[in-house]
Amino acid sequence: MNNQTTTTPLNFLNHQTGLWSWLTSTDHKRIGLLYMYSIVTFFLVAAVLGLLMKIEKSAPGETIMTAQTYNALFTLHGIIMIFIVVIPGLAAVFGNIFLPIMIGAKDVAFPKLNLFSFYLFLTGAGLGLYSQFANGHSPDTGWTFYVPYSAEASSNVVIALTAAFTLGFASILTGLNFIVTIHTMRAPGMSWFRMPLFPWSLYATAWIQLLATPVVGITLLMVIAERTLHVGFFDPKLGGDPVLYQHLFWIYSHPAVYVMILPAMGVVTEIFPTFSQKPVFGYVPIALSSLAIALVGYFVWGHHMFTSGMSYESRWFFSLLTFLVAIPSAIKVFNWLSTMYGGSVDLQPPLLYAISFIFLFTIGGFTGLTLGSVATDIQVHNTDFVVAHFHYIIFGGMGFGFFAGIHYWFPKIYGKLYSIRWANIGWGILFTGFNLLYFPMFIMGIQGMPRRYFDYDPKFQLGQTISTIGAIILFTGLITMISNLIYHAYKGATAPANPWHGVTLEWQIPSPPPHENFDEIPVITRGPYVFDNPHTTK
Amino acid sequence: MNNHDSHITSYALNFKVLLVLLILTTITILVIKLHLGAFTVAMALTLASVKTAIVLTYFMHLKFENLILRLMVGGVFLLFAIIIVITFIDYYFR
Chain A
291 MNNQTTTTPL NFLNHQTGLW SWLTSTDHKR IGLLYMYSIV TFFLVAAVLG
341 LLMKIEKSAP GETIMTAQTY NALFTLHGII MIFIVVIPGL AAVFGNIFLP
391 IMIGAKDVAF PKLNLFSFYL FLTGAGLGLY SQFANGHSPD TGWTFYVPYS
441 AEASSNVVIA LTAAFTLGFA SILTGLNFIV TIHTMRAPGM SWFRMPLFPW
491 SLYATAWIQL LATPVVGITL LMVIAERTLH VGFFDPKLGG DPVLYQHLFW
541 IYSHPAVYVM ILPAMGVVTE IFPTFSQKPV FGYVPIALSS LAIALVGYFV
591 WGHHMFTSGM SYESRWFFSL LTFLVAIPSA IKVFNWLSTM YGGSVDLQPP
641 LLYAISFIFL FTIGGFTGLT LGSVATDIQV HNTDFVVAHF HYIIFGGMGF
691 GFFAGIHYWF PKIYGKLYSI RWANIGWGIL FTGFNLLYFP MFIMGIQGMP
741 RRYFDYDPKF QLGQTISTIG AIILFTGLIT MISNLIYHAY KGATAPANPW
791 HGVTLEWQIP SPPPHENFDE IPVITRGPYV FDNPHTTK
Chain B
1422 MNNHDSHITS YALNFKVLLV LLILTTITIL VIKLHLGAFT VAMALTLASV
1472 KTAIVLTYFM HLKFENLILR LMVGGVFLLF AIIIVITFID YYFR
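Heads up: the sequence lines are chains A and B, in that order. Taking the working numbering, I'd label the letters of the first sequence as residues 291 to 828. Taking the working numbering, I'd label the letters of the second sequence as residues 1422 to 1515.
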């Protein structure tokens, strides 16, 4: 650690005080923190729901809840995790806090719109919760709202759909804000290929948010119209086509996977060069692969529908494209490994999480090929295999990317240092619990354990028990990690401006950053990952 | 970006654009009577796309924007066209 300490007494955390100053702030960093506190709260709620579901399945038959409660819980777990935590997560939190700083701007292009997006997000999240409790009929459709069931179910589906619709709007506005910010507010001299790779990933993500989210918004409105006005879009009884719903839903929801994962890829791309003290390997391929993933990712939605009755021709077409999208993902993985190769690797907590990201994402990616291939997908469709794959990609990818990001940027955000020892312990527990929880689900899935089932055949008892133990360990790891961060946000030692010897712009300003980030907008004269500064090189 | 420049289009041009839009709307309605089968939707979407492009170009002044912005809007159109085509290919072969 170097000896540079904070010299600016006023920063974005303390330049104004009081709850009202936070709730009405248009400062991108404060909005980012508001998102983070909201999202982490929802995450913990949904994690508890997941834990309860796992405890229910620790033994065959009914243990702690009824089948209907279980259905409601997995629906609520899915809706919260997908629409409230994972989709907005990294972009809304770290994108908001660091995008303007990393491109040398004082704020996003539309600060008031940014705050409005946050309140839309809160409104959507509130509606989502309300749908669980209003009239005593929690939605039990799963987060995918498949018709015809979602068009017929007597539960609060319309409220839940409205919630998802509202959350989608928040996502669209954030994406629009980021696109305009990146196009118009880069510091002088920061050409596209001098921009750090996290903003590149946010740029690709923002396009998906902007272009794909309206599709699901309209689709959800169509389901509402079908339920309330009996217009026949999807329900065969009304002359509709349920497969059309699946097309429209996945046209958004598969690209949404890249909304979840691309920013996480961007975060770890920042971490590898910093903790290897070496320029990122293959800057241009990594930047362009983000765009390639975003582009190809638009055309692979049909792999969620291989068993839906879709035409044979469409199935092989989507299968082929699914295999193609693996190429830009693999380019990133090879470049991350090459960045570390020959570098001065410093295994600090952010790097531990980033390496875990590669490990877990790769397992998720390879099992994704099993699901992208029509023949094998039909065997494991709607089994625990899919659930395991999904969690390896989303939790192992986005989740661990988020944990990597918070451990990386925590000293910058709060100006405090956390305990490295406890962070390492938390990581160890979390990583062990994660694999114990989800890996048995691959095996059980291949053996035929259906997803979303409340009960199971006794032959799955061993796998289910291991999985439940994993869930408890994982939850312990989460609590350990979060406790360490919360405690040290208040009681931690003062952090220097650049504790990790990073070279991107956020490390060149005090910790925490001043209200408007820069006294003078910097002029950029070189690429983002040049490690030749004697003050930043170990 | 030159979006702060003023672009004044003549009433005559705006009227012609309006006329074209009305004609295309009429065609959209009349085409239903031709009973084109599976291509009815394709025809409707094509006409709607043309109308949208005209509105964007003239009424929303895309014509006066720089090349990058025009390419971005064009790219978005292309993307949605491909998505719709892929979806309908499924229907065609099912």
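For the record, the hints were derived by calculation from the structure and aren't laboratory data. Cβ coordinates follow ideal geometry from the N, Cα and C atoms, glycine included. Hints may be right or wrong, so weigh each one.
Unchecked claim - Okay, derived cross-link-like pairs now, DSBU-like style, lysine-lysine, Cα gap no bigger than 35 Å in a straight line:
(1) A:K568 to A:K402
(2) B:K1437 to B:K1484
(3) B:K1472 to A:K396
(4) B:K1437 to B:K1454
(5) B:K1437 to A:K527
(6) B:K1484 to B:K1472
(7) A:K568 to A:K396
(8) A:K749 to A:K402
(9) A:K568 to A:K344
(10) A:K402 to B:K1484
(11) A:K402 to B:K1472
(12) A:K396 to A:K749
(13) A:K344 to A:K396
(14) A:K527 to B:K1472
(15) A:K706 to A:K402
What the hints assert, rightly or not - Every beta carbon over 10 Å from chain A, so not counted as near; a handful from chain B, in silico:
(16) F1485
(17) L1500
(18) T1508
Status of the hints after comparison with the structure:
For a cut-off of 35 Å, the pair hint linking A:K568 to A:K402 is broken: about 38 Å separates their Cα positions. With a CA separation close to 16 Å, the supplied pair B:K1437 and B:K1484 stays within the 35 Å bound. For the hint pairing B:K1472 with A:K396, the CA-to-CA distance comes to about 40 Å; that exceeds 35 Å, so the pair is violated. Proposed proximity of B:K1437 and B:K1454 is supported: the alpha carbons are some 27 Å apart, at most 35 Å.
A distance of roughly 45 Å separates the Cα atoms of B:K1437 and A:K527; the hinted pair therefore is violated under the 35 Å criterion. A distance of roughly 15 Å separates the Cα atoms of B:K1484 and B:K1472; the hinted pair therefore holds under the 35 Å criterion. A threshold of 35 Å between alpha carbons decides the hint, and for A:K568 with A:K396 the separation of about 28 Å falls inside it, so the pair holds. Annotation: proposed proximity of A:K749 to A:K402 is violated, straight-line Cα distance about 56 Å (limit 35 Å).
For the given pair, A:K568 sits about 43 Å from A:K344 by alpha-carbon distance, which is inconsistent with the 35 Å threshold. For the hint pairing A:K402 with B:K1484, the CA-to-CA distance comes to about 29 Å; that is within 35 Å, so the pair holds. Under the criterion of a C-alpha separation no larger than 35 Å, the hint pairing A:K402 with B:K1472 is consistent with the structure, at around 33 Å. For the proposed pair A:K396 and A:K749, the alpha carbon gap of about 59 Å is over 35 Å, so the pair is violated.
A distance of roughly 45 Å separates the Cα atoms of A:K344 and A:K396; the hinted pair therefore is violated under the 35 Å criterion. This hinted pair checks out: A:K527 and B:K1472 have alpha carbons roughly 34 Å apart, not beyond 35 Å. For a cut-off of 35 Å, the pair hint linking A:K706 to A:K402 stands: about 29 Å separates their Cα positions. The beta carbon of B:F1485 is kept farther than 10 Å from every beta carbon of chain A, the shortest such distance being approximately 18 Å.
B:L1500, annotated as away from the interface, has a beta carbon of chain A within 10 Å; the closest lies near 6 Å. Its closest Cβ contact with chain A, about 5 Å, brings B:T1508 to no more than 10 Å, contrary to its assignment away from the interface.
Comparing the model with each numbered hint stated earlier shows that hints 1, 3, 5, 8, 9, 12, 13, 17, 18 do not hold.
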